[in-house]
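Chain P: place on chain B using the hints.
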Amino acid sequence: MRALTKSLILMAAAITMACGPAHAQKSGGTLVQITQPEPPNLAPYISTSGPIGQVTAKVFDGLLEYDFDLKPKLGLAESFTVSPDGKTVTFKLRRGVTFHDGKPFTSADVQFTIMDVLKTNHPRGIATFKEVTAVETPDETTAIFKLANPAPYMMAALSGYESPILPKHVYGVGDIKTHPNANAPVGTGPFKFVEWRRGEFVRLDRNTTYWRQGRPFLDRIVVRFIADASTRTAALEKGEAHIAGFGAVPYNDVRKLSALPSVEVTTKGYEMISPLVEMVINTKKAPFDNVKVRQAINYALDRKFVIDNVWFGFGKAAVGPISSNFEPSGLFGAGVDFTVPDRIERANKLLDEAGFPRKADGTRFEMVHDITPYGEEWQRFGEAVQQALAAVGIKATLRYEDVAKWLKRIYTDYDYDMSSNFLYNLADPVLGVHRGFHSDRIKKGTVFVNGSQWSSPETDALMDKATTEADAAKRGALYRELVTKVTEASPVIYVHELKFPTIINKQYKNLIDSPLGIYGNYANAYRE
Amino acid sequence: MKTFWQRFLLNPRVIIGLIWLGAVVLVALLADVLAPRDPFAIVGVPFAPPGGAHWLGTDSLGRDVLAGLAHGARTTLLIAVLSTLAAVAFGTLVGAIAGYYGGLIDDILMRATEFFQTIPSFLFAIVLIAILSSSAMNLVIAISVVSWPPITRVVRAEVLSVKSREFVQAAVVAGQRDHAILVSQVLPNTLSPLIVTGSLLVATAILIESALSFLGLGAPNQMSWGFMIGAGRSFLRDAWWLVTIPGVAILLTVLSINLIGEGLNDALNPRLAEL
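Protein sequence lines, in the order shown, are assigned to chains B and P. Mapping of the first sequence onto the working numbering: residues 92 to 619, in sequence order. Mapping of the second sequence onto the working numbering: residues -11 to 263, in sequence order.
Bound-form chain B, shown alone (with noise of 0.2 angstroms):
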């Protein structure tokens, strides 16, 4: 029996190899997204509201594009070079590639787009190009990135997706901020912009003066808007419907869609932004600032249960601040392990040292859980929380507010106990990491920084270090000793590394072919 599977598995190997050449890609075809929910703009150069990148991705071109280990490839740039200081960074750019107006694109484009709109506007813009004090543009094709101090996150940023080069004769005439092309943009990508029709979908059509020579493969995209989570589910499983992904479908709708033999559920393509759950506690509230009652909590968090049973498996245990996605660049590090089997006696011992007994009732003490009002998942997780802190004793209490009242809370007034959170790691710890721990992140009325409050010169120092530190082993090593720092401290709980499960049509091939996944471009997309 086993003979003849080994057998019938060489044979379809084989199989699979002499078709492969002959199912080239195809041109044609009309792909159909789910975005949820409708973007409230078409402007990624100045809000990182995540629907708009899954519709502009597809319009906008970047410098760069990654491969899944995160290293980059080439994009609108030809070749780059960093100078061993690192603070030259020299992009050789594509020549003979147009705008979809026609127009040409040039090294001013570059300038103009880093300088002028994202240094300045954009949410994460303003990090990423902290350290550029100017672009050069000795000639058409030559943009010179000069900096400060070496940045090499600013390397991992220049996706289509996170820093989209626009058209200087565009939107460079008027305000930015208010710009007539917010809703209809105009890049170099494979798609081009043709219509956008409110609450039902965007239209994208093939570029046919794409520089890639022969692509996009796709004759059109169509993104719709569907407000009802069956209906989505229900679109994709009649083939309406190609793909959806970021929990544009209930977690436990993809079981039953996984079942179908038309589609096909990955979890790859979040790579790059490396979404993590947790838990933000006020650490300079009593009694969390005590470190012991931070790590009880930590350890009495059942993570197992929580990624089976409120993420239907969609989600990885985590060990630090830092996603296991980065672990092929080296950056990544495991922390205190909090998931020992003997988890529940520590954080009982840890309590009793702490000066929390258990009353006569089996109770230590009372506190307020808030719940991220992201929807019924979360809701869940919150209850699963608050009957593993009532298991060592811990009474909470569940708190359900709208968005803006929580924001204020967690991040303005830092009136709370602790509150569930989801950040992302996005390219780089710099980016995404950093903001939840460091103190010049503790910003008032800044949302989703530092909102526990806690610091320590030490680990401040560290980041300091691995920011402008230009060698990536060397960089490693100072995030391996922040992670053991900041999860020995607890002032966040690291719960798991959420899994968005992307659902595809299998007619359709090549669609999650970069860590952006469905901010990816769909150039090398065909259908079947």
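Simulated from the structure, these hints should not be mistaken for lab results. Heads up, the beta-carbon is just placed ideally off N, CA and C, and yes, glycines get one too. A portion of the hints provided could be inaccurate.
To give an idea of the interface, some chain P residues facing chain B are shown, with a C-beta separation under 10 angstroms as derived from the structure [as the list claims (entries may be wrong)]:
1. I30
2. P34
3. L49
4. G50
5. R51
6. P108
7. A118
8. S123
9. L205
10. P208
11. N209
12. S222
13. F223
14. L224
15. N253
16. R259
Within a straight-line C-alpha distance of at most 25 angstroms, the following computed SDA-like cross-link-like pairs (lysine to any residue) qualify [claimed, not checked]:
17. B:K486 to P:V21
18. B:K395 to B:L514
19. B:K347 to P:I233
20. B:K450 to P:I183
21. B:K375 to B:D504
22. B:K329 to P:D226
23. B:K347 to P:P34
24. B:K450 to P:V21
25. B:K486 to P:L18
26. B:K395 to P:H42
27. B:K499 to B:A482
28. B:K486 to P:S121
29. B:K534 to B:S547
30. B:K486 to P:L120
31. B:K499 to P:I119
32. B:K162 to B:K534
33. B:K395 to B:P464
34. B:K590 to P:F35
35. B:K486 to P:A124
36. B:K347 to P:D226
37. B:K407 to B:D428
38. B:K600 to B:Q304
39. B:K486 to P:L17
40. B:K347 to P:R221
Just chain P, lined up with the frame of chain B:
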């Protein structure tokens, strides 16, 4: 002529209603005995179907549905009864004053009542919860704020008709004070429509509470039937019992309250029943 109790208790619809409602009240009172643990406690494998170790199955996190149903009955009934009492108290006060004094006071109070009546009550309740944030107390406040106007109108109409009767005029002549006349002479005679409207209001309150909890606006720390439906609705195709069991409980309870309310109406106004 049969007495009120005979007319009421011998009505078969009332008997059915009382049996079910009595059972629900009993379960609510004995919730701690029937299901001694916290209804939010995770006690088994998630999605266990009814009929196994857990009679009515478990939900998506492994919580016992029977425990939820018992403790949910308590929350649902308590919130419904408290909010109805508050609505009846406030509505009666406003209605009695408006009806008794008439004139400018009546105009002002009734325009205010109409103002509240013109706002769609469920939307208004959602807005109130959004402002107040969700807790059991705020649910009571929101439900009573949206349900007092009908009580006011009923009481005012009754007071208007009662206050022109001879015994009220006699009380005025006898020198009784206004509030004494209202409390001892007028209001007792408005009781029968008040009881009927009030009992039906309990049913409406259950529905509002369930709908708010279904939308995730209910009290997050109290198990309620609406919460159970809201938490189970995404799993309708995987686990029918999560939505069906509390849904049927709400249906039967609201129905039985309506039957009892109608029975009360028939018993208190025998001539109407004969029409």
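(message) Holds or violated: the hint that P34 (chain P) contacts chain B, with Cβ atoms closer than 10 angstroms.
(response) Result: holds, 5 angstroms to nearest chain B Cβ.
(message) Hinted pair, alpha-carbon criterion (25 angstroms max): K347 (chain B), I233 (chain P). Please report holds or violated.
(response) Roughly 23 angstroms separates the two Cα atoms, so the pair holds.
(message) Can you confirm whether the C-alpha distance between K534 (chain B) and S547 (chain B) stays at or below 25 angstroms?
(response) With Cα atoms ~16 angstroms apart, K534 (chain B) and S547 (chain B) stay inside 25 angstroms; holds.
(request) Sort out whether P34 (chain P) lies within 25 angstroms of K347 (chain B), counting only the CA atoms. (result) Holds, because 17 angstroms separates the two Cα atoms, which is no more than 25 angstroms.
(message) Just to be careful, I want the Cα atoms of K499 (chain B) and A482 (chain B) compared with a cutoff of 25 angstroms; is the pair within it?
(response) violated, 30 angstroms
(request) Would you check the hint for K486 (chain B) and L17 (chain P), treating anything up to 25 angstroms between C-alpha atoms as holding? (result) Given pair K486 (chain B), L17 (chain P) holds - Cα atoms ~24 angstroms apart, limit 25 angstroms.
(message) Interface hint check: L224 (chain P), Cβ to nearest Cβ on chain B, cutoff 10 angstroms. Holds or violated?
(response) holds, 9 angstroms
(request) Verify the interface restraint on F223 (chain P): the C-beta must sit less than 10 angstroms from at least one C-beta of chain B. (result) holds, 6 angstroms
(message) Let's test the interface hint: is any C-beta of chain B closer than 10 angstroms to that of N253 (chain P)?
(response) Violated: closest Cβ of chain B sits about 39 angstroms from N253 (chain P), beyond 10 angstroms.
(request) Answer holds if the nearest beta-carbon of chain B is closer than 10 angstroms to that of S222 (chain P); otherwise answer violated. (result) Interface hint status for S222 (chain P): holds (5 angstroms vs cutoff 10 angstroms).
(message) Next item in the hint list is P108 (chain P). Is there a CB on chain B closer than 10 angstroms to its CB?
(response) At 20 angstroms from the nearest chain B Cβ, P108 (chain P) fails the 10 angstroms test, so the hint is violated.
(request) Return the status of the interface hint for I30 (chain P): holds when the least beta-carbon distance to chain B is below 10 angstroms, violated otherwise. (result) holds, 5 angstroms
The earlier numbered hints that this structure contradicts are 6, 15, 16, 20, 27 and 32.
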